[in-house]
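There are 6 protein chains.
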Amino acid sequence: MALSARNHLKGEITEVVLGTVTALITVKVGDNIIESVITRKSAEELHLKKGDKVAAVIKATEVMIQKG
Amino acid sequence: MALSARNHLKGEITEVVLGTVTALITVKVGDNIIESVITRKSAEELHLKKGDKVAAVIKATEVMIQKG
Amino acid sequence: MALSARNHLKGEITEVVLGTVTALITVKVGDNIIESVITRKSAEELHLKKGDKVAAVIKATEVMIQKG
Amino acid sequence: MALSARNHLKGEITEVVLGTVTALITVKVGDNIIESVITRKSAEELHLKKGDKVAAVIKATEVMIQKG
Amino acid sequence: MALSARNHLKGEITEVVLGTVTALITVKVGDNIIESVITRKSAEELHLKKGDKVAAVIKATEVMIQKG
Amino acid sequence: MALSARNHLKGEITEVVLGTVTALITVKVGDNIIESVITRKSAEELHLKKGDKVAAVIKATEVMIQKG
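Chains as they are written, first to last, in the working numbering: chain W, 84 to 151; chain Z, 84 to 151; chain A, 84 to 151; chain Y, 84 to 151; chain D, 84 to 151; chain F, 84 to 151.
Please keep in mind that the hints were generated in silico from the structure rather than gathered at the bench.
Positions of the beta carbon are idealized from the N, C-alpha and C atoms, including for glycine.
Wrong hints could be hidden among the right ones.
[To be verified] If the Cβ cut is set under 10 Å, some of the chain D residues that face chain A in the computed set are: (1) 84; (2) 87; (3) 102; (4) 103; (5) 104; (6) 140.
From just these sequences and the hints, can you work out the full model?
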């Protein structure tokens, strides 16, 4: 199954913080740290935990560019 | 100046495609390719071109997680 | 492969409009019409065309509620 | 009053979960379930509750396409 | 009809640029200029043109904070 | 440093509400109130508090238009 989202960054989960509605997932991708806010329900259904191999997926329209 | 967006990925522009309203900016970040859709006006005002050192900036609420 | 995005709506593509950078994909989902703006590159790489069986995928943080 | 957001999916709320800042609203739309994360303030000001007739509203640029 | 999006900024359209798929709508809100990218279809169906009284509507999860 | 996001609205923070994962930041911009949901981590790292001079930053693709 292929998704139109252009950006798939493979990495490893380093931290999961669960709130009531949302969850913060931190992923190490190469030398970068990516933080993601998803629903707590998704975090639970995917059984996300430290050490999991995952991809951070980002739609191209959500990416800004900073220069200088 | 500090921005609340959690994710700043430093890289180099490899391609700029200009449309009438939007522009596609491709950035090499480590071993990954990041694609960004911004306004053509921003691409022009920032004079974005191949070889520019930039950062891809992404709000944490826009990042999904894929597993398995 | 499982994605954290909560919403997957299965349907059939009824129209593809290609711009220079973006593409408009229209999908019939049950009695509803869903419109999606993705990159032209994604539309081409997925070979999206009228009649394709696809899913519209939406992150829960992108959904608003209207009442009354 | 007309809104530029292309997607309005009519349905009925099946669950409301309130967090401190955000709320998770689940809406049944035809045979599909749509989940939405909005602010708790909006959920309270709109008095959202199970059984409410609402629409899930989604900007076209937030919709991805999955195929295959 | 009430929408969960928290931010409604009233202003006047100062420019409309139509692309093939998207449109850039510029709105003067008090002393600020707001730029919006929507679908060309929405711009046409709402007959958006210079001088129109409109509101820029933004979901709270899409707003970042910059300090310093 | 210049960011591609088109919209920077200067104002003053009037309220900060901290959840476990997210935070709600309310900013007075001219005669308007802007509400923003960011991560709690960003709110803490930027030391956001009532009275702070900040800018609300919004990508143009996240802005909808309402008319009539």
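Should the interface hint for residue 104 (chain D) be scored as holding, given a Cβ-Cβ cut-off of 10 Å against chain A? Holds - the Cβ of residue 104 (chain D) comes within 10 Å of chain A, reaching about 4 Å at its closest.
Holds or violated: is there a CB of chain A closer than 10 Å to the CB of residue 84 (chain D)? holds (5 Å)
Does the CB of residue 102 (chain D) sit less than 10 Å away from some CB of chain A? For residue 102 (chain D), the interface hint holds, since the closest Cβ of chain A sits about 6 Å away, which is under 10 Å.
Quick check on residue 87 (chain D) please, does its C-beta sit within 10 Å of some C-beta on chain A? Status holds, d = 4 Å.
Would you check whether residue 140 (chain D) satisfies its interface hint, that is, whether its CB is within less than 10 Å of any CB in chain A? holds (9 Å)
Interface hint outcome for residue 103 (chain D) [beta carbon to chain A under 10 Å]: Holds: closest Cβ of chain A sits about 4 Å from residue 103 (chain D), inside 10 Å.
Comparing the model with each numbered hint stated earlier shows that all of them hold.
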